[in-house]
Amino acid sequence: MNNKKSQEETTIDRRDFFKKAAAFSATALAGTSLLANEVTGEGDPAIMHHTKWGQVWGDPITTNLYGVPSPYEHNVTRRSTSLLSSGNFRASIAVTPIHESQGIITPNGLFFSRSHGGTAHVDPNEFRLMIHGLVDKPIVLTLEQLKRYPSVTRTHFIECPANGGQEWRGPQFNSVQFAKGFMASAEWTGVYIKTILEDLGLKPEAQWMLAEGSDNSKMGRTIPVDKVLDDAMIVWGQNGEALRPEQGYPARLLVPGWEGNLCVKWLRRLEFAVEPWYCKEETSKYTDLKPTGKAIQHFYANEVNSTVTSPSPEIDWSHLEDGATVEIEGLAWSGMGTITGVDISFDGGKNYVEAKLKGLVLQKSWTRWSIIHTYKKGETLLLTSRAMDDAGYIQPTIDEETKIMGVEAVYHRNAVETWEVTETGKVNHVQIRS
Amino acid sequence: MFKLDRKLIISTSVAAIALLGVGCVGGESAPTFSDGVNGNISIDGGVSYPTINGKSGNYFVNESHIGRAINNGRVPTDAEEAKWNTDVMAGYVYNEDPKALGLPEGEGSVEEGEALYEAQCVMCHGDFGSGGGGYPALSKGNAEDLQKTLTNNRYQDPQADGPTRVFGSYWPQASTMFWYIRDGMPHPKSDTLSVNQTYALTAYMLNINEMSIDGQEVDDEYVLDRAKFLKIKMPNQDGFEPNVRGSDSLPGVRAYYANPANFGAHKVKPAERCMTNCQETNATVVRIAGEGISQFIPPMSIVRDLPEKKAETINVKEVYSNACAMCHDSFLSPGSAEWAGYTAKGIDKVYANGINGTETGMPAKGGANLSDANFKLMVDYLISGK
Chain A
1 MNNKKSQEET TIDRRDFFKK AAAFSATALA GTSLLANEVT GEGDPAIMHH
51 TKWGQVWGDP ITTNLYGVPS PYEHNVTRRS TSLLSSGNFR ASIAVTPIHE
101 SQGIITPNGL FFSRSHGGTA HVDPNEFRLM IHGLVDKPIV LTLEQLKRYP
151 SVTRTHFIEC PANGGQEWRG PQFNSVQFAK GFMASAEWTG VYIKTILEDL
201 GLKPEAQWML AEGSDNSKMG RTIPVDKVLD DAMIVWGQNG EALRPEQGYP
251 ARLLVPGWEG NLCVKWLRRL EFAVEPWYCK EETSKYTDLK PTGKAIQHFY
301 ANEVNSTVTS PSPEIDWSHL EDGATVEIEG LAWSGMGTIT GVDISFDGGK
351 NYVEAKLKGL VLQKSWTRWS IIHTYKKGET LLLTSRAMDD AGYIQPTIDE
401 ETKIMGVEAV YHRNAVETWE VTETGKVNHV QIRS
Chain B
1001 MFKLDRKLII STSVAAIALL GVGCVGGESA PTFSDGVNGN ISIDGGVSYP
1051 TINGKSGNYF VNESHIGRAI NNGRVPTDAE EAKWNTDVMA GYVYNEDPKA
1101 LGLPEGEGSV EEGEALYEAQ CVMCHGDFGS GGGGYPALSK GNAEDLQKTL
1151 TNNRYQDPQA DGPTRVFGSY WPQASTMFWY IRDGMPHPKS DTLSVNQTYA
1201 LTAYMLNINE MSIDGQEVDD EYVLDRAKFL KIKMPNQDGF EPNVRGSDSL
1251 PGVRAYYANP ANFGAHKVKP AERCMTNCQE TNATVVRIAG EGISQFIPPM
1301 SIVRDLPEKK AETINVKEVY SNACAMCHDS FLSPGSAEWA GYTAKGIDKV
1351 YANGINGTET GMPAKGGANL SDANFKLMVD YLISGK
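One line per chain: the protein sequences are A and B, in this order. Every letter in the first sequence is one number past the one before it in my numbering, and letter 391, counting from 1, is 391. Positions in the second sequence are counted from 1; adding 1000 to them yields my numbering.
Some clues are possibly wrong.
[To be verified] So these bits of chain A aren't anywhere near chain B, every CB distance computed over 10 Å:
| id | residue |
| --- | --- |
| 1 | T40 |
| 2 | P71 |
| 3 | Y149 |
| 4 | D199 |
| 5 | G220 |
| 6 | E246 |
| 7 | S370 |
| 8 | Q395 |
| 9 | P396 |
| 10 | I432 |
[Unchecked claim] In silico PhoX-like pairs for lysine-lysine, Cα to Cα no more than 20 Å straight-line:
| id | chain 1 | residue 1 | chain 2 | residue 2 |
| --- | --- | --- | --- | --- |
| 11 | A | K350 | B | K1269 |
| 12 | B | K1233 | A | K294 |
| 13 | B | K1148 | A | K356 |
| 14 | A | K137 | B | K1345 |
| 15 | B | K1267 | A | K350 |
| 16 | A | K376 | A | K426 |
| 17 | A | K285 | B | K1148 |
Because the hints were derived from the structure by calculation, they are not lab data. The beta carbon of each residue, even a glycine, is placed where N, CA and C say it ideally should be.
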């Protein structure tokens, strides 16, 4: 067999090619006059003009084999501010644009991110997890061995307990991204720590577990065994893919509903002991100073909370026409249970009506709610939302909360929050307090 | 009661797992009120969702692994455990067991600590730990005096003095300081200080917080060692609730969170919640003072357009991490406020100093192989952080 084409065949191929090419370009040139839809007249240019993308080839399917958002979405991004950061942005936070969030899942690239020594980039081949202390059998696991445990998949939010914590003494951020965006939600996949402990055997005197990261801050926190044996997990999956480095790749702790800070990222070690550890992040920080001068330590659960996400200071109602039917929408969440209901007030919390829950209502998860409103041009409103959970808790007013907690607590602020809708439809973050 | 149930859980019985929530409550700390539909109260005062009939709340659970050995992984060697187990505990329970406590033998003086501080810490934490520029203060003066400010609460008066929360006035334990300095500082290259250096720096921390150990002032001559360290009593040691000391601390934690009044939470039966005339009569609308905080990175925008293309000949972030970060991460880092002190003399002078190098530590072009134009891009990046 001769694989080489004869000289003659090649010539024919080439001639054929040029002929086809010529025919193609003739149609292409003629196309504009012959084939185009020539309707003219009045109309929206977006409809009347040929759009660029409607007449030319799109990208080949091999472009962006790992997809990225449309470049038009570049303003939908995490944001930071130097006021919440160390001078070099290594002990800092970047918050989620919840004014642009949909549903109860945050895309991985927008998931809020907090670190104490920068985002670590862990080589998964060198990942090791040591579990030791008061267990019958201490172990070291590789990533592959960790992922071999029977897994569970759960949707939970993670919230920094300082969410809203800049505003104990008055509103500061005219932005829902910064006022409430120290949190995000994802579907996590991993293993319950109790599943691993079935194998290792926990000694009866064990009361506390240290979780420690491998990052440069060796971020550590102590967790009571109650939670470890309830729903605490080690997770490696985030919305169907590996954790992002900002979320602790390749594995982090997930302590559903509790302070985000406990969900130690870049995990390397779990140790069990009789007494807690007094980590920096459970003494110097993440403790709530009360007016009595005593501070609450080991304050874990993010309490029932809610916010209006639409309208927001970012996306307000100044474009709405009189009589527009508009959906006031928001998020509610509780680290202590499941959302059972959300009330909405139009007068800053004097009078409430019930809003409707929407979509999936899951334990320790973001829950969507909304109410349909007919917008009257020029009306002024004070939109306040108030959520309840199945543990029996309800969001307090600002006065009720500060009466007990004072205004220096920094963390765990969950009082109701208010958006003022002004005459022009602008939206401002305000607080109703005496 | 609790221990017993937990033991059952660990010994692989499905029924015992279902008991978990109940086990956690314990008779002694049962909450006084819960409207939770699931009934079981977690240590945090919330609901716990035990697995019952293969379901936990809304989720189905595959429990068929229970009772089967999994045996993943291997036992760590002693050396491996020692390498990673560098935490230092407070010592209420472990004081008698040096290995468990984790505090190594060693010593260091205030004088050595001060020299180390000047060399490795002052650029971020300021003179005598004064802090600033986004870096925490490590001292604000006399620990005992400042501990008394913890009852300050700036309810409405922005001029009032707030509480001062630094190591000396606030932290319950000194073990935290030793552990954190050794494992987490200095920030740009942690895990590089020896045990003796850590004792020295800890001694210096006690010194600038004007503290004493066992009646003796930690003055400029003081030498700290393990035995003295164990005698440190922090002024605010008793400033925290719930109590977590001792070998049986969890019942107290459970009881604390079973009472919402302890932590500013509110419980109400849904049918009894307020729907009309709920707000306090003297409540008013409080608006953001002045501009509020609005210097966001990147600036807030909801516009949907195409991002600006930067005419960049080099990837400034990459060059920075390869050629500048080792020095500039800790001082004059990208976007840091410290640049104001340099740019004051005019940007051309800054470019020239960078290109030619300075006596005071900046190598010519940072030692990098860059054209003048590209080096200037680097300087722009360092100054703006963008």
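To see whether the hints hold, each was checked on the structure:
The claim that A:T40 lies off the interface holds: its Cβ sits roughly 29 Å from the closest Cβ of chain B, which is beyond the 10 Å cut-off. A cut-off of 10 Å between C-beta atoms contradicts the statement that A:P71 is not in contact with chain B; the least separation is 5 Å. Once the 10 Å rule is applied to beta carbons, A:Y149 is inconsistent with being away from chain B; the minimum gap is 6 Å. Look at A:D199: its CB is around 5 Å from the nearest CB on chain B, not clear of 10 Å, so calling it non-interface is violated.
With a cut of 10 Å on Cβ distances, A:G220 falls inside the contact zone with chain B, its closest approach being about 7 Å. Separation of A:E246 from chain B is adequate, the least Cβ-Cβ distance of about 15 Å exceeding the 10 Å criterion. Residue placement check: A:S370 keeps its beta carbon more than 10 Å from all beta carbons of chain B (closest about 19 Å). Distance check for A:Q395 against chain B: the nearest CB is about 8 Å away, which does not clear 10 Å, and the non-interface claim fails.
With a closest Cβ-Cβ approach of about 5 Å to chain B, A:P396 is found to fall inside the 10 Å limit, against its non-interface label. With a least beta-carbon separation of about 5 Å from chain B, A:I432 fails to lie farther than 10 Å from that chain, contradicting its non-interface assignment. With a C-alpha separation of about 19 Å, the suggested pair A:K350 and B:K1269 falls inside the 20 Å cut-off, and the hint holds. Between B:K1233 and A:K294 the alpha-carbon distance is near 17 Å, which keeps this suggested pair within the 20 Å criterion.
The suggested pairing of B:K1148 with A:K356 is violated, with an alpha-carbon distance near 48 Å, which exceeds 20 Å. At roughly 64 Å between alpha-carbon atoms, A:K137 and B:K1345 are farther apart than 20 Å, so this suggested pair is violated. About 19 Å separates the Cα atoms of B:K1267 and A:K350, which keeps this hinted pair within 20 Å; it holds. Between A:K376 and A:K426 the alpha-carbon distance is near 13 Å, which keeps this suggested pair within the 20 Å criterion.
Of the pairs offered as hints, the one joining A:K285 and B:K1148 holds, with about 18 Å between alpha carbons and a cut-off of 20 Å not exceeded.
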